[in-house]
Amino acid sequence: MKNTSIIGKELTQKVKMRKIVFGNTEKGGLINEIAIYGILFGLGFVYIYPLLYMLSLSLMSTSDLVDATVTWIPTGFSFGSFDKAAKTLGVIQGLKDSVIMSLVPALLQTVILAFAGYGMARFHVPFKKFWLVLMIVAFLIPTQVTLIPRFLLFSRYQLLKTIWPPYLMAALGQGVKSSIFFFIYYQFFQSYPKSLDEAAQIDGAGRVKVFIKIAIPMAKPAIVVSYLFSFIWFWNETTQTSQLSSGAVQTLPMRLSDFVTAFSKIYSSTEISSGGALNESIRLAGTLITVAPLLLLYILLQRYFVEGVERTGITGE
Amino acid sequence: MVLGNRIGGMQMSRRKKPHGLTNKHRDMIAGSLFFLPWVIGFCAITLYPLIYSIVISFNEVSIRPTGTVLTPRGWRYYIDALMVDTEFRTLLLESIRRILVGAPMVVIFALIVAMLLNRPFKGRTFFRVIFFLPVVIISGPMMDELMYGTSAMSLSFDFSNIAGVIQALPRVLLEPLMSFMNNMLTILWFSGVQTQIFIAVMQKIDRNMYEAASIDGATAWEIFWRITLPYLRPTILLNVIYTIVELGTFSSDGTNVKIVRHMVSDIARPFSFSAAMSWIYAISLLFMIFIAFLVLNDWKEVRRVRYEKHQYHRQRINSKG
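First to last, the protein sequences are chains A and B.
Per this note's numbering, the very first residue in the first sequence carries number 4; after that it's consecutive.
Per this note's numbering, the very first residue in the second sequence carries number 1088; after that it's consecutive.
Derived by calculation from the structure, the hints in this document are not laboratory data.
Treat the hints with care, since some could be wrong.
To be verified - Subject to a maximum C-alpha distance of 20 Å in a straight line, what follows is the list of computed PhoX-like cross-link-like pairs (lysine-lysine): (1) A:223 with A:90; (2) B:1111 with A:131; (3) A:164 with A:197; (4) A:180 with A:197; (5) B:1291 with A:132; (6) A:212 with A:197; (7) B:1111 with A:212; (8) A:164 with A:99; (9) B:1396 with A:197; (10) A:132 with B:1111.
To be verified - Between beta-carbon pairs, the in silico distance windows are: (11) B:1396 with A:48: 12 to 20 Å; (12) A:76 with B:1295: 50 to 58 Å; (13) A:20 with B:1301: 18 to 26 Å; (14) B:1394 with A:251: 22 to 30 Å.
As the list claims (entries may be wrong) - Going by beta-carbon spacing under 7 Å, a handful of chain A positions derived as facing chain B: (15) 148; (16) 265; (17) 267; (18) 270; (19) 299; (20) 305; (21) 307.
Even glycine gets a Cβ: it sits at the ideal position worked out from N, Cα and C.
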């Protein structure tokens, strides 16, 4: 009697253990869990490996760079590369230009497409289907096709080499990936109860007032996502900005693409010959400097970036 | 009290109605006005340039003090791009190959990562942040520098182990394979947005469906192929198109670099040659999107909807008759 109960206990324990390790149909076991964590860590590591490599290399001194025994961790942290890279880039002015070219255009784009999305979702606009198709077409047209005529167009109005072309395009809803933001708003305003608007309208509020007082505060998640994505995409846009606005501004990514020339201009040949030549460490330090503001923004606001896509329900069609 | 106010308000608004417009008409006007800025922008900054771009690809452009003069040149610039300029042909094929290989890879990778992340577990947010990170920092010059700076890396990193294993392979095969892997590491960086879109859609799949399937004895593998994948089909199409556009318009793409390079500085044929090249590339991209649409669109669903509509109309006609 006693014996069997012990065996029974052992058995149940064994079953329990097995359950924990292998899991059952509903819940994956320990092995499953470990495997998934393993895969995730592996993939994640490979994924951001270039970034880690960039960080490691940019902190190396010239001697570390040459030394074959130093592969990952520099012997001592040397910020010399960052110093040189910052000087080459002209960080302060670059940062200013980048902010000018992304803060305001992103705002213009966010506002104008909120209007467009709301108008389309809430009211009966004539030829609705046609406009929606055009919106998709606008997204599908590769930007390089419109770049050349836009260049001619803006040059005709003497707007080349000023900050205005990107501003104008953003203000008229033709900025970087505008259509995506239209659809974010469109989906959002379609999915929220119209009775709220109607109630306010019955109370005598005009349509613009309803939009500003009711729809906008409700659409905060959509607005935040649109603004953040507009911001980073304007920040990282270089083709149009450098063709239409270079001369007036030189954003950080634009400066990065001229890094090698700028370096040879600043550092004279005598300096270079005495071991101060441009090396990978300096170039990667420059790259890291240009993405640092974005990384900082991302770390601070990662919640909005990552959850935003989900919360606005961008996924409809 | 509140009700009374509302009724009062309604009467007020009815009284205030100007010009005898009905509410429906006023809605239409309001909606159109809200949407109008975009239409103006589209016509002026997108549609007009689009048409003008076709025009200048067939005409020689010379900018004089009196204005722009166009001289018809027929298909010359297209012939130049496709037949004469060998560099363009090489770059174009390279870009197309990169997209044909890259787009499916990006989307499949995004799908795998989304599947892994679409369950509650410790550290989920951390991994989501990691896999979304490149979206925030990716830009043309940044990728160029990274490719340059890390070109030494991929050979010293774990690929060398793989290379060690497949040392037996002849060098002719090995080198393209290595460069392929080197490219792929960075091409996967284009998967951030797609991953988030997949996760967002997956969260909407009804849990009960999975439960019912597993009670009926379906394995996880079967559930994936029979439930998850069909449900995700429209999303896969969306993501493939997004990826093609993203890769095709990326500023450090070789073809795009060439188009921009020839734009102003090609003194013999300013703008026109670039316009012709840009159209060739654009048509290739649109063709790839079209193919993706043909392959991935759910035609069964389209047929079903069409059939239902047809039935509905017949019923109405019958009931009338």
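Structure-based check of all given hints:
no. : hint                          : in the structure
1   : A:223 with A:90               : violated, 40 Å
2   : B:1111 with A:131             : holds, 15 Å
3   : A:164 with A:197              : violated, 45 Å
4   : A:180 with A:197              : violated, 28 Å
5   : B:1291 with A:132             : violated, 26 Å
6   : A:212 with A:197              : holds, 15 Å
7   : B:1111 with A:212             : holds, 18 Å
8   : A:164 with A:99               : holds, 17 Å
9   : B:1396 with A:197             : violated, 28 Å
10  : A:132 with B:1111             : holds, 19 Å
11  : B:1396 with A:48: 12 to 20 Å  : violated, 52 Å
12  : A:76 with B:1295: 50 to 58 Å  : holds, 51 Å
13  : A:20 with B:1301: 18 to 26 Å  : holds, 23 Å
14  : B:1394 with A:251: 22 to 30 Å : violated, 58 Å
15  : 148                           : holds, 5 Å
16  : 265                           : violated, 12 Å
17  : 267                           : violated, 16 Å
18  : 270                           : violated, 18 Å
19  : 299                           : violated, 10 Å
20  : 305                           : holds, 5 Å
21  : 307                           : violated, 11 Å
Violated hints for the displayed structure, listed by number in ascending order: 1, 3, 4, 5, 9, 11, 14, 16, 17, 18, 19 and 21.
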